[in-house]
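Colleague: Heads up: the protein sequence lines correspond to chains A and B, in order. Using full-length UniProt numbering, you'd call the opening residue of the first sequence number 1 and step up by one each time. Using full-length UniProt numbering, you'd call the opening residue of the second sequence number 1 and step up by one each time.
If a hint is listed, it holds; no wrong ones were tucked in.
Think about it this way: if two alpha-carbon atoms lie no more than 27 Å apart in a straight line, the pair counts; the simulated BS3-like pairs of lysine-lysine are:
{"hint": "1", "chain 1": "A", "residue 1": "K86", "chain 2": "B", "residue 2": "K223"}
{"hint": "2", "chain 1": "B", "residue 1": "K223", "chain 2": "A", "residue 2": "K60"}
{"hint": "3", "chain 1": "A", "residue 1": "K146", "chain 2": "B", "residue 2": "K223"}
{"hint": "4", "chain 1": "A", "residue 1": "K198", "chain 2": "A", "residue 2": "K72"}
{"hint": "5", "chain 1": "A", "residue 1": "K79", "chain 2": "B", "residue 2": "K223"}
{"hint": "6", "chain 1": "A", "residue 1": "K111", "chain 2": "B", "residue 2": "K223"}
{"hint": "7", "chain 1": "B", "residue 1": "K6", "chain 2": "A", "residue 2": "K146"}
{"hint": "8", "chain 1": "A", "residue 1": "K122", "chain 2": "B", "residue 2": "K223"}
{"hint": "9", "chain 1": "B", "residue 1": "K75", "chain 2": "B", "residue 2": "K54"}
{"hint": "10", "chain 1": "A", "residue 1": "K126", "chain 2": "B", "residue 2": "K223"}
I should point out that these hints are in silico values taken from the structure, not numbers from a laboratory.
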Amino acid sequence: MEKVLEVKDLKISFDTFAGKVHAIRGVEFDLYRGETLAIVGESGSGKSVTTRSIMRLLAKNANVDSGTIMFKNEDLNKKDDKAMQKIRGRDIAMIFQDPMTSLNPTMTIGKQVAEPLRKHEKISKKEAMNTALELLRLVGIPDAEKRLNNYPHQFSGGQRQRIVIAIALICRPEILIADEPTTALDVTIQAQIIELMKDIQEKIRTSIIFITHDLGVVANVADRVAVMYGGRIVEIGTSEEIFYNPQHPYTWGLLSSMPTLETQDSLYAIPGSPPDLLDPPTGDAFYPRNEFAMQIDTEETPPFFEISPTHKAATWLLAPQAPKVTPPQEIVNRHQHFQKIMKERELVQKKLREV
Amino acid sequence: MKNFGKYFLKRVFFMVITLWLIITVTFFLMKLLPGSPYANQEKLSPEQIEILNKQAGLDKSVPEQYVIYMKNIMKGDFGTSFQFKNQPVAKLLRNRIGPSLQLGAQAIVFGTFIGIILGLIAALRQNTWVDTGATLIAILGRSIPNFVFAVLLQYVFSVKFKLFPIAGWNGFASTILPTFALAMSPLADTGRFIRTEMVEVLSSDYIELARAKGLSYWEVAFKHGLRNSLIPLVTLLGPLAVALMTGSLVVENIFAIPGIGEQFVKSIMTNDYPTIMAVTILFSALLVVVILIVDLLYGVIDPRIRVSGGEH
Chain A
1 MEKVLEVKDL KISFDTFAGK VHAIRGVEFD LYRGETLAIV GESGSGKSVT TRSIMRLLAK
61 NANVDSGTIM FKNEDLNKKD DKAMQKIRGR DIAMIFQDPM TSLNPTMTIG KQVAEPLRKH
121 EKISKKEAMN TALELLRLVG IPDAEKRLNN YPHQFSGGQR QRIVIAIALI CRPEILIADE
181 PTTALDVTIQ AQIIELMKDI QEKIRTSIIF ITHDLGVVAN VADRVAVMYG GRIVEIGTSE
241 EIFYNPQHPY TWGLLSSMPT LETQDSLYAI PGSPPDLLDP PTGDAFYPRN EFAMQIDTEE
301 TPPFFEISPT HKAATWLLAP QAPKVTPPQE IVNRHQHFQK IMKERELVQK KLREV
Chain B
1 MKNFGKYFLK RVFFMVITLW LIITVTFFLM KLLPGSPYAN QEKLSPEQIE ILNKQAGLDK
61 SVPEQYVIYM KNIMKGDFGT SFQFKNQPVA KLLRNRIGPS LQLGAQAIVF GTFIGIILGL
121 IAALRQNTWV DTGATLIAIL GRSIPNFVFA VLLQYVFSVK FKLFPIAGWN GFASTILPTF
181 ALAMSPLADT GRFIRTEMVE VLSSDYIELA RAKGLSYWEV AFKHGLRNSL IPLVTLLGPL
241 AVALMTGSLV VENIFAIPGI GEQFVKSIMT NDYPTIMAVT ILFSALLVVV ILIVDLLYGV
301 IDPRIRVSGG EH
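The task is simple: from the sequences and hints, build the whole structure.
Modeller: Now the structure itself:
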């Protein structure tokens with residue numbers, strides 16, 4: 001599969017009055033054409049900072065300390081602001097969290113949707129408006145031609161998020177970054193927006209980076225999932241692998257704290273609190289909250305251990321010398337389910353080969 | 001549009017009521033002022049004063065005078081000045097309002113324009129020396145009285161460099177220095193307002209979205225930031241515009257401008273009832289009209305408070 005984006009060894013810190021906050025501490029991932037990669041993790045784990053650094057929309061006190069972001073054979077970290085402006089909105093576009101505040105209240109939506117096109121392409125006002133109209137229809141705004149001259153306050157939250165999506169898609173970007181696009185919406189509207197995004201991805205073959213802390217949403221949209229903790233990716237794999245064959249204790253915790261219909265007792269919560277990134281712990285950042293932590297977790301940062309060609313996790317539990325541990329019951333159930341799926345799949349493939 | 005017409009008529013109706021209230025209250029308050037129009041003219045004998053009072057209708061009871069006055073202004077008759085060469089008040093003001101209005105308008109346009117630019121630059125270059133400089137200008141403009149600026153401007157530009165006439169009312173050149181002097185306070189106020197507002201607007205989500213579209217910093221500031229930070233400014237501008245257009249006594253005096261401010265104070269000192277009333281009516285009429293304009297401007301700038309509304 002063709003890589004559209006390759007992030008390597010990304011380190012970002014913020015200068016604050018209290019000191020340097022090491023928000024991103026060596027993030028690495030690839031994004032393939034047409035796929036949806038979900039980045040999950042709790043607040044402060046660095047999901048938003050990672051994606052904002054791809055767009056270079058970081059706050060002024062941010063420093064990119066190291067790393068490369070390869071896009072179309074060029075390192076985005078080496079580009080100047082002018083060059084980044086040409087990429088933003090055209091090659092890489094973004095959808096934000098709160099549709100109630102992410103549209104300009106004093107500009108008609110027609111103008112707002114057409115704006116990236118007017119900026120990036122030599123196109124007449126009329127043509128741009130026509131394309132904007134097309135996009136508004138595509139994202140499902142009813143009576144779009146009548147509503148081009150309306151202002152954001154005349155639309156509902158769900159419709160506004162559709163408009164934001166239209167803005168992001170108007171230049172047919174290669175990469176769409178969606179920063180918790182459904183968090184601020186009602187559950188029913190969430191489902192509609194997710195359906196819309198899947199639908200559109202099929203139509204224009206864009207790659208999506210989907211940031212969320214809602215694992216239910218992830219299961220619904222993502223081809224692959226990256227789990228972030230303390231400024232690093234701790235586990236990455238296909239949705240199936242992350243949901244049914246998780247290996248990192250943090251992923252176990254995340255999945256166990258997700259409510260299901262069978263949840264009867266109180267919901268599981270990971271004990272402790274996220275690491276202080278002003279002074280990040282050595283070793284595995286998760287060890288203070290990890291009931292399976294070993295001596296080495298406090299001393300050395302675990303490397304990625306490969307579980308399958310698509311699945312790797314950074315935990316010392318996967319080291320050959322590590323003792324065998326029994327994950328929580330919930331996870332054991334998931335592993336069994338995974339084994340079952342894999343067996344069935346093998347059978348199917350075997351039969352296919354015979355045929 | 002039908003909604004708008006209804007709204008407009010309603011507003012005009014309330015404007016008339018407001019004006020009537022102001023006229024009535026001012027009329028009776030004015031009668032409470034100590035002294036009478038001719039009392040301080042020592043050359044007149046008591047008999048002569050009585051004749052003059054009778055001629056001006058001042059011998060009647062105050063309510064009677066009020067009814068007569070109201071009837072007269074309905075007909076557009078504002079009476080005759082007691083002091084200024086017995087001229088009709090309307091004519092007196094007509095000659096005087098021009099310079100005051102012109103100066104005020106020039107000052108407000110110049111002041112807000114420069115103020116907006118100053119505030120914008122300060123906000124966009126937040127916490128740099130540019131920002132500090134702009135803040136300093138705003139503080140000076142706000143705290144130093146405009147007559148001090150007036151004298152300073154006269155000294156520098158007229159006495160030292162001889163660029164502009166020092167005083168008088170002869171053509172555009174003579175309006176420049178008084179305009180600068182008057183513009184300082186709107187400039188300072190606008191600058192401060194725009195800076196605060198712009199800093200807030202620049203941190204909002206739609207600004208980030210605009211950046212994500214690939215717009216440059218300045219495009220974002222002008223296309224998305226400016227209009228949204230103008231909304232509170234409009235509130236400030238209304239009363240300020242009236243204050244400036246109705247004349248500034250001291251500045252008009254320093255530059256020897258035949259404006260209305262000077263006349264207003266003189267008329268109060270001499271109990272020149274018709275002039276006091278006429279100037280009050282003029283000022284309040286200007287104020288209510290400006291307030292209406294301000295309310296309509298809100299709608300132009302911010303679609304969310306537009307009266308006619310759109311379809312939902």
